[in-house]
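Novice: Single-letter residue listing:
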Amino acid sequence: MASLPEDNVDMHAARRASDHESFLVHRRMRWARIAGALCLAAFLGYFLIDQQPRPGGGSWYGYTLGTIGLGLIVWLSLLGVRKRNMSEGRWSLKAWTSAHVYLGLSLIVIATLHTGFQLGWNVHTLAWGLMMLVIVSGLYGVMVYVILPSQMSANRKETTRAQMIEALAAIDRQLKQAAQPLGREQSDLVIAALEQDVFGGGAWARLTGHYPRCATRRALDGLPDDFTTMADNTGPEERVRVLLRRRDAQLGQIRRHLRLKALLEVWLFVHIPATIALLAALIAHVTSVFYYW
Amino acid sequence: MPQAFQVAIIGSGPAGLSAAARAAALGMSHVLIEKADHLSDTIFKYQKGKHVMATPSNLVLRSDFAFDAGKREAVLGMWDRQLAEQKINALLNTEVTAIEGEAGNFTIGLKDGGTIAAKAVVLAIGTQGNPNRLRIPGADLPHIQYQLDDPGEYFDEHITVIGSGDAGIENALGLAADEAQRNVVTILNRSADFARAKGANVKLLEEAEREGRLIVRRETGPAEVRPGELVLDTRDGQETIRCDRIIARTGSQPPRDFIEAIGIEVTSAERSAFPRLTPSFETTRKGIHVIGALAGYPLIKHCMNQGYDVIEFLGGNRDLKPADEPILAEKFARLPGNRSVDDWLAIFGRNILILQDISPLQLRELMLDSKVHAYAPGELIFARNDTGSSMFAIAQGSVTVEVNPDDSSITVPIGEGSIFGEVGLISGRRRGATIRAAEPVVAVELSRTAALRLLATSPGANRAVTRISIERQLLQMFGSGLTAQDVAALVESAEVKTVRAGEVVIAEGAEDTDVYIVRRGSMIVEKQIGGRAVFLSYLPAGSYFGEMSVIDDVPRSASVKAAIKSEVIRLPGDGFMALLKSNPKLRERALSDMASRRAINAFVESRKGSFGGAVDMYSETAQFLVDNGIGEATDVLLIDEKLCVGCDNCEKACADSHDGLSRLDREAGRTYAHLHVPTSCRHCEHPHCMADCPPDAIRRGPDGEVFIDETCIGCGNCQRNCPYGVIRMDAKPPPKPSLIQWLLFGRGPGPGEAPYAWRKHAAEAEGAERPKVAIKCDMCTGIEGGPACVRACPTGAAIRVAPEKFLSVARLEGAD
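Same order as they appear, the protein sequences are chains A and B.
Mapping the first sequence onto my numbering, position 122 (from 1) lands on 122, and the numbers just tick up by one.
Mapping the second sequence onto my numbering, position 16 (from 1) lands on 16, and the numbers just tick up by one.
Simulated from the structure, these hints should not be mistaken for laboratory data.
Heads up, some of the hints might be wrong.
Here are the computed distance ranges between Cβ atoms for each label pair [claimed, not checked]:
hint, chain 1, residue 1, chain 2, residue 2, range
1, A, 265, B, 757, 23 to 31 Å
2, B, 178, A, 143, 47 to 55 Å
3, A, 166, B, 757, 36 to 44 Å
4, A, 129, B, 765, 43 to 51 Å
5, A, 204, B, 757, 28 to 36 Å
6, B, 763, A, 166, 26 to 34 Å
7, A, 143, B, 585, 54 to 62 Å
8, A, 129, B, 741, 28 to 36 Å
9, B, 139, A, 166, 47 to 55 Å
10, B, 226, A, 181, 35 to 43 Å
11, A, 210, B, 701, 48 to 56 Å
12, B, 757, A, 286, 41 to 49 Å
To give an idea of the chain A side of the interface with chain B (calculated C-beta under 10 Å), a few residues [claimed, not checked]:
hint, residue
13, 174
14, 181
15, 184
Ideal placement from N, C-alpha and C gives every residue a C-beta, glycine not left out.
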């Protein structure tokens, strides 16, 4: 066979700088290793250093852990800005995400050791609790980012959102035409299906994919296959039935897509507000500590 | 018989109008003949309100007609006024069917049977062509039309559309769109399916048919037209239907057929070739002149200047300098010696081998698209791995080629009159070697377009370039140590062969012994294992293959077929063997190449048993990528849908990095095994978009990116020519409020491409109208950090790859 052209050295490969690997394993898990080392160091310090009067935020070691934790939290919350600010430079959002995940997880160790396990009903523990909420919601996020994309890709079958909606509209136009010869009762069912807001049903329906009041289903139930008249399965009823089945399938695809998108995004409705609350609680925590010094 | 006109000008586009105006100003008796009922039909057919541009801006307009960039309506209105003011003798609704006679005594035959006598003829008919007419009984009845301007103006009619292409389908759908018009629309198709139309149009048509909005008759053609009726030839015999109006959209006759029919020679057999012209635009048929788009000048200003010039020449003004003279003078000003434009043109025409048999007019035109350089001895002309698709010709002096990347002291000379850089032009790949001036050099750099036009118009230049490029490719491929004499015999017996996409060059098991070099395009290598074709590797231009059977004297061990339309150089096996025998070094090199290839074969064979599924998967994925244009790509964006969360941050980053418009559509495009090829530029080796760009605004940049510069006139040719649909036409919106303002105060639309309504509103608020221009990926050239889409992907789903890297068997090693 063959030789490649000799001068094929890709001097511009660095420009592409896109190794085919996920944010979780970015650069042979560089950030996981850094975060792990950070946790290990924090643990060793906690058990080796004799903290006086007792382990907690008040000792010099506690202050150190607290400062590291605060710095990390502020930096981690800046991911939202980094993502939206398309400035020039050799940064990659993948590296940022990778660091965000692993350094965020390391906060479980760093901040908990900072507390010295002194938890109670106060603003300090509120900050710790909010932080844990942010981390747990983030963990959910990592999980769905790993599991759901391939499902979404399989469901999409190369169609775009706009094409899915357009396909539904095309079926609806045909359905309207085909339902003209039907009787009053049956055409009411079809009209109800066409008039229904097919995506209504609230957040629960969106997240579970269950639409119990789906008028298309009902119309299908109301136009059952009539096995006694097999000979006449090309009549208007059969045509409407076929179209309703196609509509049902098309709705199913759109709803699955919406469900997966919702599952991929729902955690941000906890993660982001909790982060804002955490930053507020931290301000209260830090101010009160210095105020009562 | 009335008095003969001094000149008859056929076609009233910018070129024809300008010529008629000049004739009127000189008091020359003239007639301007236009087939439509309005002037300038091509511009007339632009969409309403389209912004007509006036590039190149450095070209001076020399015409009695005014022209400046503006809306289509303003331009046409102005010309209508000036036509009346300047007392131009124009005949509308007059179609020319024949031109007979000779210089000084032409008879122009008209469609209505009349004739016009003229001493000279100027053809300015553009490239749009005439629609094909029906050729059945009754085809001259008045209710047949060949164009549909406004589908909304017909009511209560039975209308039949003839033609199954996009134009016919779009017309039929338009006529049936509004039920309130109560038209009965029928579309006829001679075959059973609509193979010539776009998929989306066929889908719309079939949907309209199901809904009963129109009637589609397949395997049916028209047989006879009668008043109020149409007789059809159907599969089951003849049938007559009611028909008040017929719209025939059966393609058009290119103007080239017309000019060939009246005996004008063109420069080559290619469909796109131009007529052969003298410096005064005269064709090979004395007295008939061709100007404008048909002569190869698609820009309005060029056309208008030529209209002026051709009449001046006819009027006896032999000293007229073309309007491009100042542009050339400025170009040549940087050359040493203070010579005039004519002197330099004479030097180029005399010294440069490939410019020797072209006309002075062609040379001038070529120089407009080219650059001239003067280099001092030792000065770098280009470096290895630079991108560039231009070709250089040495007018004075000589250069040296550094053939060995590790040792710049090993050089090969190229002398006066010869060319270099032709590999980049032919293969679309990076420069293969560094070139420096050896003594003071004056060189002409022909842009890709100019060089391709030269090769198409001058057979001599084409032969010379082909020979030189084969020789150089051989020398470069086999490394140093070979001289031109060593390969001379092989070059002589070499043959360039064009292969279609998918065509097999070497069949597995065959016993032929030729060796091939990929000259342009790319190849894929496949091997039958267990009854399945397993993809072995991808060969870009510059690779060679087929040497194994020659050296080992065994049948072919794998098949090689073209991934896209390609060109290969075929070298006879015995000639290749003779070369190996006389060059032990070369033999060594070939053997080591073979060893690595045997290793791949062995690897695939061994893995087949242990993870056959992975091998299949790899083969099928590779085939999918080749089907989606990776075979002609240089750099392509892929999305791993196992990682993509659909955040569209890639699109947002793209819009925010470039004028607020996204150049990629993440969701659209094909997917195989979760590997998605989004609608985004592949930076093809031979970009389809470059093929027909009037201002030559599409070029290849230093990182290999294909980009559109600011001289774009918004004609939309590139959008139509791109097979991957990655070019969009849109107006650049005004800048958005900053990110901080959005984050804190909610001002503006936020990150990413602003919605259409916001862009429209902001543009209106700004006042000045921005024209629609072509927009495509430029690989974020000039942006530090590289492509924004990849940098902005939070999960690592978006990757940019070069095909030869991505399609390597190395991927299999990690595939279990």
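Novice: Confirm or reject each hint.
Specialist: To see whether the hints hold, each was checked on the structure:
no., hint, in the structure
1, 265/A - 757/B: 23 to 31 Å, "holds (24 Å)"
2, 178/B - 143/A: 47 to 55 Å, "holds (52 Å)"
3, 166/A - 757/B: 36 to 44 Å, "violated (20 Å)"
4, 129/A - 765/B: 43 to 51 Å, "holds (48 Å)"
5, 204/A - 757/B: 28 to 36 Å, "holds (32 Å)"
6, 763/B - 166/A: 26 to 34 Å, "holds (28 Å)"
7, 143/A - 585/B: 54 to 62 Å, "holds (59 Å)"
8, 129/A - 741/B: 28 to 36 Å, "holds (34 Å)"
9, 139/B - 166/A: 47 to 55 Å, "violated (39 Å)"
10, 226/B - 181/A: 35 to 43 Å, "holds (36 Å)"
11, 210/A - 701/B: 48 to 56 Å, "holds (53 Å)"
12, 757/B - 286/A: 41 to 49 Å, "holds (45 Å)"
13, 174, "holds (6 Å)"
14, 181, "violated (12 Å)"
15, 184, "violated (22 Å)"
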